[in-house]
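Please work from the sequences and hints to get the whole structure.
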Amino acid sequence: MTPNATPSTVVSQPRRIERLIVGRPTSDGAGVKLTRVLTQDLQRRLDPFLMLDAFGSENPDDYIAGFPNHPHRGFETVTYMIAGRMLHRDSAGHEGLLQNGDVQWMTAGSGLIHSEIPQQEAGVMEGFQLWLNLPARDKMNPPWYRDIAHAELPQFTTPEGVAVTVIAGESHGVTGAVTREATAPTYLDLHLPAGTRFEQALPASHNAFVYVYRGAVSLGGQAVPVQRMAILANEPGADGVRIEASEDARVLLIAGQPLGEPIAQYGPFVMNTEAEIYQAIQDFRAGKLG
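Heads up, the sequence shown is in full-length UniProt numbering, so the first residue is 1 and it goes up one at a time.
Treat the hints as calculated values from the structure; they're not laboratory data. Hints may be right or wrong, so weigh each one.
No farther apart than 20 Å at their CA atoms in a straight line, the calculated lysine to aspartate or glutamate pairs in the DMTMM-like style are these [claimed, not checked]:
(1) Lys-33 / Asp-62
(2) Lys-33 / Glu-126
(3) Lys-33 / Asp-53
Quick caveat: nothing in here was measured; it's all calculated off a predicted structure.
See below:
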């Protein structure tokens, strides 16, 4: 899908980089090796985002066991496959196969049991999973799920040649595949040829970051190398972000409206209070999720 994009978005006062983050190598599920880019200690700084994992390997031993049945409650997961094939199933009866460029958006809400199992025995498996918080009023809503094929994702190319996939939010007049009123997320995948730049308007109050997964870029003259996350400063008067690439680069630009609510997390449960966490654990043990 390639909607008509407005010619440009002018950013007069771009945000500067507050700090650069190096992801933490870890493993999850049944031993899947990944890099946790947005860790738990950054949740309040990057509210409403709770976690960002980047995974990518050509070695099947790093990913083949996948993520067998596990519970979720109180937030949303956004899985973006760059390469590979991953089968998703959950206890609400949903099932889907994610392939190159596909997105799965899942609202765990009141709770479900979920599994993510690779459907390949060789080759590259690469992608990202973002956790997006839900406001307190929505945490116990019924679960919701949507698979979005790559061809169905809104995409456009700027006059400079930057290819943009709009997973969520709005960019240059193009509305993304998913919108959310409470958190107003922007989730863009940008492919910048060498010598190009991209500008995106953002409210000054929104928390925002850029993650570089190919090449390198610069923001405000400061370099952001590959596999680094740049947290963007929240400054009064700043009206967006300007990303410049001196070499071919691919980056994720993610921003959202903070909820400003308490965060209580225990593994795959994210609520507002410890009492709600204890209830989630009890419900899981009693078989009440999904």
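To see whether the hints hold, each was checked on the structure:
For the hint linking Lys-33 to Asp-62, the alpha-carbon distance of about 5 Å falls within 20 Å, and the restraint holds. Simply put, Lys-33 and Glu-126 have alpha-carbon atoms about 11 Å apart, close enough for the 20 Å limit, and the pair holds. For the hint pairing Lys-33 with Asp-53, the CA-to-CA distance comes to about 10 Å; that is within 20 Å, so the pair holds.
Consistency note: the structure conflicts with none of the earlier hints.
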